[in-house]
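Sequence order for the protein chains is A and B.
In terms of our numbering, the first sequence opens at residue 3 and continues consecutively.
In terms of our numbering, the second sequence opens at residue -5 and continues consecutively.
In short, the hints are calculated from the structure, not lab data.
In this text the structure is predicted, and so the values were computed from the model without any measurement.
A couple of the hints might just be wrong.
Unchecked claim - Here are a few chain B residues that sit away from chain A, every Cβ distance over 10 Å (derived from the structure):
1. 4
2. 5
3. 88
Said to hold, decoys possible - Per the computed footprint, the stretches of chain B lying under chain A, defined by three or more beta-carbons under 8 Å from a beta-carbon of chain A, are:
4. 13 to 26
5. 66 to 80
6. 108 to 118
The beta carbon of each residue, even a glycine, is placed where N, CA and C say it ideally should be.
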Amino acid sequence: MTCDRARTLYLAGDAGDDELAHLAACAACRDERSALDTTRSALSGRAMWLEPAPHIADQVVAMISGSPAAAVREPRRRAKAWTRLAAVAAAVVVAVGLGIATRPPAPDWEVAMPGTEAAPAATASVKGWNEEGGTRLRLNIAGLPDAPTGSVYEFWLTSDAVHVSAGTFAAAGEVELWVGVARRDYPRLWVTLEKLDEDESLSGVNVMDTGY
Amino acid sequence: MAGIARPLSSKILRRFAAGDPEAVRALYNRYAKAVFTVTYSALRDRSLAEEAVQATFLQAWRAAGRFDTDRDPAPWLYAIARRAAVDVHRRERRHQGREPFDTDMAALPETFEHTWEAWQIRLAIDEMPAEQQAVIEAIYFLGLTQAETARRLNVALGTVKSRSYRAHQRLATLLAHLDEATA
Chain A
3 MTCDRARTLY
13 LAGDAGDDEL
23 AHLAACAACR
33 DERSALDTTR
43 SALSGRAMWL
53 EPAPHIADQV
63 VAMISGSPAA
73 AVREPRRRAK
83 AWTRLAAVAA
93 AVVVAVGLGI
103 ATRPPAPDWE
113 VAMPGTEAAP
123 AATASVKGWN
133 EEGGTRLRLN
143 IAGLPDAPTG
153 SVYEFWLTSD
163 AVHVSAGTFA
173 AAGEVELWVG
183 VARRDYPRLW
193 VTLEKLDEDE
203 SLSGVNVMDT
213 GY
Chain B
-5 MAGIARPLSS
5 KILRRFAAGD
15 PEAVRALYNR
25 YAKAVFTVTY
35 SALRDRSLAE
45 EAVQATFLQA
55 WRAAGRFDTD
65 RDPAPWLYAI
75 ARRAAVDVHR
85 RERRHQGREP
95 FDTDMAALPE
105 TFEHTWEAWQ
115 IRLAIDEMPA
125 EQQAVIEAIY
135 FLGLTQAETA
145 RRLNVALGTV
155 KSRSYRAHQR
165 LATLLAHLDE
175 ATA
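Just need the whole structure built from these sequences, with the hints factored in.
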């Protein structure tokens, strides 16, 4: 009796007396029992076998293709120098080929977001582009200290008691975010300071806020 | 830690990092089932899970410029998928008025606990030959016996047994990988 055969038959639900005896006697296999049980349980669940509807793929690609990619996507931070140069060269070629097509359009709205008592020197302008499926946001932040080590700032849109996160950032300057809701439905824009831990609750430390 | 799924070609990953929408489709085709397994496991609602799948790939595309094309995209994509499910869960709780602001929202449902294992198992299934997938899907999802599976797939009972054995052997081999990941 090998460990491989005993585990395979146990996982398949076909373990006989010999395999069960091996699994009980073999220390390595005893250690595997819980993982085997977890796998059997997972295999029996609907989540393992259901699939997203076929049109979801087309929707994803359509949303991506219809967005101003260069403006929305975050900057490459680990690019090697030659890669950056190649990217610049490619961008020039595209710009020449497309004329002004790559110029960011004017925002659909812009609002000032002052600091709160927690960050009285902070101020930001928030520009928004209303797009299919959500809103692209560009923040220009000044006077906000860098987030302490182990924390980040999180940007929220709120309607009454419903809060939707648009993402996180660590320092003032220009920040680009995306959120899957419209500002007309979530008029309050605000920023909290959140610790990077397993706690999913909001900290309640509000550093900038437009109010309603 | 070695990845379970056969990685996409480096050419596809470079195109993905460059923002090519069709490379996103290739990434979707490879990982969408596993992403859906994660989001559906966590949310237990098809519509919400599909919404989280969309959010996962959109967020992946937005962050693609920071993706290291020398690395396996699977763990990176899993983290995005789980976060997307958490975001949808939090939003739904608040819409339902069950989780007002300034209350303790730390506890996620138990459905979020084993999503990493589910992700790994789904990737392993995706890597199996189609005939092995069909056998274990019939046994586990449809609840068929091996004899019933043989009739359904129009193959001999011995064929079902051998395919089932090889499929489970593959999954059992995966478990050592899971143990390493969760140790």
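Hints, verified against the model:
The Cβ of residue 4/B lies farther than 10 Å from every Cβ of chain A, with a closest approach of about 14 Å, so its non-interface assignment holds. Look at residue 5/B: its CB is around 15 Å from the nearest CB on chain A, clear of 10 Å, so calling it non-interface holds up. Annotated as non-interface, residue 88/B brings its C-beta within 10 Å of a C-beta of chain A; the closest such distance is 5 Å. Remark: the region 13 to 26 of chain B is confirmed as covered by chain A, as 8 of its residues place a Cβ nearer than 8 Å to a Cβ of that chain, reaching the required three.
Here's how the region 66 to 80 of chain B fares: 1 of its residues keep a CB closer than 8 Å to some CB of chain A, so the rule of at least three is not met and the hint is violated. With a threshold of 8 Å between beta carbons, the proposed coverage of the region 108 to 118 of chain B by chain A holds, since 5 of its residues qualify and at least three are required.
Of the numbered hints listed earlier, those contradicted by the structure are 3 and 5.
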